[in-house]
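The primary structure of each chain is shown beneath.
Protein chains: 2
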Amino acid sequence: MATAAIDAARILAGGDLPGLIVVNDAGKPLLVLPGTQVLRLAVPSYCQDDPTLARVIDEAAADVFFRELDGRTVQECLPDEPKEPPVVDGRATALEMAALMARTRSPLVAVTNPDGTLAGVVTMHALLDRILGDGA
Amino acid sequence: MATAAIDAARILAGGDLPGLIVVNDAGKPLLVLPGTQVLRLAVPSYCQDDPTLARVIDEAAADVFFRELDGRTVQECLPDEPKEPPVVDGRATALEMAALMARTRSPLVAVTNPDGTLAGVVTMHALLDRILGDGA
Numbered sequence: 001m002a003t004a005a006i007d008a009a010r011i012l013a014g015g016d017l018p019g020l021i022v023v024n025d026a027g028k029p030l031l032v033l034p035g036t037q038v039l040r041l042a043v044p045s046y047c048q049d050d051p052t053l054a055r056v057i058d059e060a061a062a063d064v065f066f067r068e069l070d071g072r073t074v075q076e077c078l079p080d081e082p083k084e085p086p087v088v089d090g091r092a093t094a095l096e097m098a099a100l101m102a103r104t105r106s107p108l109v110a111v112t113n114p115d116g117t118l119a120g121v122v123t124m125h126a127l128l129d130r131i132l133g134d135g136a
Numbered sequence: 001m002a003t004a005a006i007d008a009a010r011i012l013a014g015g016d017l018p019g020l021i022v023v024n025d026a027g028k029p030l031l032v033l034p035g036t037q038v039l040r041l042a043v044p045s046y047c048q049d050d051p052t053l054a055r056v057i058d059e060a061a062a063d064v065f066f067r068e069l070d071g072r073t074v075q076e077c078l079p080d081e082p083k084e085p086p087v088v089d090g091r092a093t094a095l096e097m098a099a100l101m102a103r104t105r106s107p108l109v110a111v112t113n114p115d116g117t118l119a120g121v122v123t124m125h126a127l128l129d130r131i132l133g134d135g136a
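For the protein sequence lines, the chains are A and B, in the order given. Take the first sequence: its letter number 78 is residue 78 in full-length UniProt numbering, and every next letter is one higher. Take the second sequence: its letter number 120 is residue 120 in full-length UniProt numbering, and every next letter is one higher.
Quick caveat, the hints were computed from the structure, so don't treat them as lab data. Just so you know, not all the hints are guaranteed correct.
[What the hints assert, rightly or not] Below, computed lysine to aspartate or glutamate pairings styled on EDC-like, alpha-carbon distance capped at 20 Å:
#1 Lys-28/B - Glu-81/B
#2 Lys-83/B - Glu-84/A
#3 Lys-28/A - Glu-68/A
#4 Lys-28/A - Asp-70/A
#5 Lys-83/A - Asp-25/A
#6 Lys-83/A - Glu-59/B
Keep in mind the model is a prediction, meaning the values are calculated, not measured.
Full structure from sequences and hints, please.
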């Protein structure tokens, strides 16, 4: 949770992810950080109140983002009511992960190692691609 | 809304999209269809009630999806409380779209033509990539 907010934004941008799984100090999945929540910290609040105001800002969006996120941590991006991530172990089938995403309305599930630490993340997009992508 | 649900799932899978914008007969954006909502139709409900049950199904996920979605339309995938899509026109700046995503907590915005018909969709991922991706 002490990860810099700007690094979280970069991971979202580079990783084709709808959100991030935040882990605790022991490496166990703690909660889901939706990507739009990072945007809430990156965009000045007066622009969020009236998005058309953003049009008159004579500054590159990247500069605004870097200034707003400077020195902030993931901790500050957390939603008021954080959602516990849907979690599966390494034996989960594609259908099981799809069922969990459908049930929790989460576009990503955390995959854990036997000791409960985070092994990886499966996104809805990757899952659908795997299920329907090949020859479908 | 008469689009086949299986085609919606394929577009989600192939298009790297967190959801779809559903348009009315006049081509104007009507609502957002979150990807997880399509999964709710694709996965048998007893699996959603207990995702671990999915593990014992001796059938490929793709076969289950095709059977469940067969003959269904996007209309049937719509959430109980559909969300109106955030909409911008072609003059919107990157910061304006980010502000709108932050405000509406939507990972996609609809871009419209001057006549109000849908011109395209910008995803949070594409936007972050554009803002932070180059040399950031």
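Could you tell me which of the hints above the structure violates, numbers in ascending order? 2, 3, 4 and 6
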